[in-house]
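Student: Line order of the protein sequences matches chains A and B. Residue numbers for the first sequence follow the working numbering, so the first one is 1 and each next one is one higher. Residue numbers for the second sequence follow the working numbering, so the first one is 1 and each next one is one higher.
Warning: the hint list may mix true and false statements.
If chains are identical, the list can't say which one is meant, so a pair holds when it fits in one copy or spans any two.
What the hints assert, rightly or not - Cross-link-like lysine to any residue pairs, in silico, SDA-like; alpha carbons within 25 angstroms at most:
(1) Lys358 to Asn276
(2) Lys340 to Asn65
(3) Lys210 to Ser336
(4) Lys280 to Arg310
(5) Lys234 to Lys322
(6) Lys210 to Asp89
(7) Lys322 to Asp223
(8) Lys280 to Asp223
(9) Lys200 to Glu328
(10) Lys137 to Glu357
(11) Lys322 to Glu30
(12) Lys173 to Ile345
(13) Lys280 to Pro343
(14) Lys210 to Leu76
(15) Lys80 to Asn138
(16) Lys234 to Pro214
(17) Lys191 to Asp235
Note that these hints are calculated values from the structure, not bench results.
Number of protein chains: 2
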Amino acid sequence: MTTSANYTTITADDLTQFTVSIFKAIGCNEADAKLAADVLIKADMRGIDSHGVARLVGYVRLYENQRINTQPNIKLVREKGSVFTIDGDSGLGLVVAPKAMQIAIEKTGLHGAGFGAVRNSNHFGIAAYHAMMALEKNYIGMAMTNASPLVAPTYSKERMLGTNPICYAIPAKSYPPFILDMATSAAANGKLEIAERQNKPVPEGWLETKNGAPTNDPKDLKDGGHLLPLGSDKDHGSHKGYGLGALVDILSGVLPGANFGPWVPPFVAFLPVLDNLPGKGLGHFVGAMDVSGFDETDVFLERMDLWIERFKSATPVNENQKVLVHGEPEYWMAISRQLKGIPLIDKVCADLTQLAEKYKLDHPF
Amino acid sequence: MTTSANYTTITADDLTQFTVSIFKAIGCNEADAKLAADVLIKADMRGIDSHGVARLVGYVRLYENQRINTQPNIKLVREKGSVFTIDGDSGLGLVVAPKAMQIAIEKTGLHGAGFGAVRNSNHFGIAAYHAMMALEKNYIGMAMTNASPLVAPTYSKERMLGTNPICYAIPAKSYPPFILDMATSAAANGKLEIAERQNKPVPEGWLETKNGAPTNDPKDLKDGGHLLPLGSDKDHGSHKGYGLGALVDILSGVLPGANFGPWVPPFVAFLPVLDNLPGKGLGHFVGAMDVSGFDETDVFLERMDLWIERFKSATPVNENQKVLVHGEPEYWMAISRQLKGIPLIDKVCADLTQLAEKYKLDHPF
């Protein structure tokens, strides 16, 4: 452990052990606690700090508000060949989503592909964790989820969609896999939170005020404003970002019978869940496809290497900023953090210390 | 037929009959000619004028340059349960893609889902035509294709990706289906062509000059410039648009062994095809999923109606511009054009008349 004025660095092992102990303290069995912790720590490892242990306090608060069932009876409620629906029984999304993905992977072994919609779940962490589970078998994996409404459709000033991420994970031979894991809003909520903490303006096109006016002030979001879809405005294709967010909402929410649109239950426990909900909990959509159903796996992996090489060598605008391939920066970040540990900002350490004290647990901070 | 100074209005039936005669003249059998014509006319009906009969001259030119085989032997070259690869034998994408989609629909009947990658094909028209084929059975349909390189990745000034569209078609009960059909660039190439014809500037964020500098001049594209991915710049998420375009390129190109990235053969016949191609023709990726594998079909369709109603009634910024749901404007346009005919601008009529004379065919212009 090393500390500085602003952050403390913890090894992945110590952070995992602590996180497991928290999940066990709120009632998860050993296996589920390990799985949930793994999802969070992998986010931190990959540098997606907004979705790692920084959220642990949020999950615990949802548990304390009886919004999460830590001993869920996760059930396959419907299936037809390669497709199926899972009811997560209000479990942690961190546990429900990997279990759904495991079934999608098994179905892929049988049918060449497997796709599952999930209802009655909660926030599932980074989409990449679930999609990347498919990579072990050289399958293509995908995962998406709907989320608390924050984004207004084109022409609207009402929060109707979450930042509804889409992730695809595609294996390569000699290179890190291609991992696209993107919010369908112009900017992820985490980026606004960082700007707000630092009292900095954000670019126009990230959010609007509650009246639908442009703003650079990240605080306008909490004041009833809304995020903008990818594309930011109609001229620049915000109807496409809105459409992608809508697609995620339909596949994750409408298809399995989870809540959707403005009815998706909020992640923050202090906001109320609406009455007369049309579905159960929030929803995910996960899947996998067997590369070998399309071509010899090795031949495909070699073509992926060629694709990656060609894109990495695309002519840059500025020689000092090479073209990036999705997933590569996070791959190297994970290797670095495995060696050097995970830096946690003081605010996160303070939250986690408080949590440890509340549940009378040892902690490494 | 009605004519004005700028356009001539033709009935869908007359335009179909003419288009069929052209496709037969270049060697298509009756069934293929009808299918290819249907794909083009449906685009015109839905108001996607850039992808309708306006492109007929382009397809013929590709045929005349021996880039299109009008009597292809379209083959299923690999399959595993619900997934498969098709070789289009250099056929018209307008014929190859619907045949691949038909197989995906058959596989969906057997396995709950079906996904096919297609190589050795050509431009397939509007993605929505293929995805919407699934709606007849209340399946969810999807289609994507790679295309001539025009878009530069984030941090690059090199044309590496096409406008690579993604389409999803999702059935509803009382409302028109949800149809998301979007280019993954900030603006479709067709919009630039219109601005160029009208000598009008375009918004910043649509394209850059060949040196990677911002520009409002649509002519800079032909001068070696490039389109920008959805998001337009890094601050507004262009890495997401780049990632979506890359995903389409990988699933459509790399997976089946078609060309990909900068190697995708250009649609315009006057640009050369590169040497040492890594694959065959261009590629598509199509698929379907059976809603009844996830829930009772009727229950899902009712939930879709609720989703659509709720989004249509989202609070607008401006009372005069209601919130739209994807696919609805095109649905009403098709009904209107079925009644009133399809208006073709003079330039398109002149091109088609010339084509008719060349092939000694009757024409309705």
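Student: Each hint needs a verdict: does it hold in this structure or not?
Tutor: Status of the hints after comparison with the structure:
Proximity of Lys358 to Asn276 under the C-alpha cut-off of 25 angstroms is found in neither arrangement, the shortest distances being 34 angstroms within a copy and 65 angstroms between copies. Taking CA atoms no more than 25 angstroms apart as the test, Lys340 paired with Asn65 passes in neither setting, with 36 angstroms inside one copy and 59 angstroms between copies. For the identical chains of this complex, Lys210 and Ser336 are neighbours neither inside a copy (41 angstroms) nor across copies (37 angstroms), given an alpha-carbon limit of 25 angstroms. Proximity of Lys280 and Arg310 under a CA criterion of 25 angstroms is satisfied inter-copy only: 17 angstroms between copies versus 45 angstroms inside one chain copy.
Proximity of Lys234 to Lys322 under the C-alpha cut-off of 25 angstroms is restricted to the inter-copy arrangement: shortest distance 14 angstroms between copies versus 30 angstroms within a copy. For the identical chains of this complex, Lys210 and Asp89 are neighbours neither inside a copy (35 angstroms) nor across copies (55 angstroms), given an alpha-carbon limit of 25 angstroms. Proximity of Lys322 and Asp223 under a CA criterion of 25 angstroms is satisfied inter-copy only: 24 angstroms between copies versus 39 angstroms inside one chain copy. Taking the shortest Cα distances, Lys280 and Asp223 never come within 25 angstroms of each other, neither inside one copy (28 angstroms) nor across copies (54 angstroms).
Neither within a single protomer nor between protomers do Lys200 and Glu328 lie at most 25 angstroms apart by alpha-carbon distance, with minima of 29 angstroms and 40 angstroms respectively. Neither within a single protomer nor between protomers do Lys137 and Glu357 lie at most 25 angstroms apart by alpha-carbon distance, with minima of 41 angstroms and 57 angstroms respectively. With identical chains, the CA atoms of Lys322 and Glu30 are never at most 25 angstroms apart, being 44 angstroms at best within one copy and 51 angstroms at best between copies. In this homomeric assembly, Lys173 and Ile345 never come within 25 angstroms of each other (Cα to Cα): the closest approach is 36 angstroms inside a single copy and 50 angstroms across copies.
Taking the closest pair of Cα atoms, Lys280 and Pro343 never come within 25 angstroms of each other, the shortest separation being 36 angstroms inside a single copy and 48 angstroms across copies. Taking the closest pair of Cα atoms, Lys210 and Leu76 never come within 25 angstroms of each other, the shortest separation being 41 angstroms inside a single copy and 53 angstroms across copies. For a Cα distance limit of 25 angstroms, the shortest separation of Lys80 from Asn138 qualifies both inside one copy, at 24 angstroms, and across copies, at 15 angstroms. Proximity of Lys234 to Pro214 under the C-alpha cut-off of 25 angstroms is found in both arrangements, the shortest distances being 13 angstroms within a copy and 19 angstroms between copies.
Taking the shortest alpha-carbon separations for Lys191 and Asp235, both the intra-copy value of 24 angstroms and the inter-copy value of 11 angstroms come in at or below 25 angstroms.
The earlier numbered hints that this structure contradicts are 1, 2, 3, 6, 8, 9, 10, 11, 12, 13, 14.
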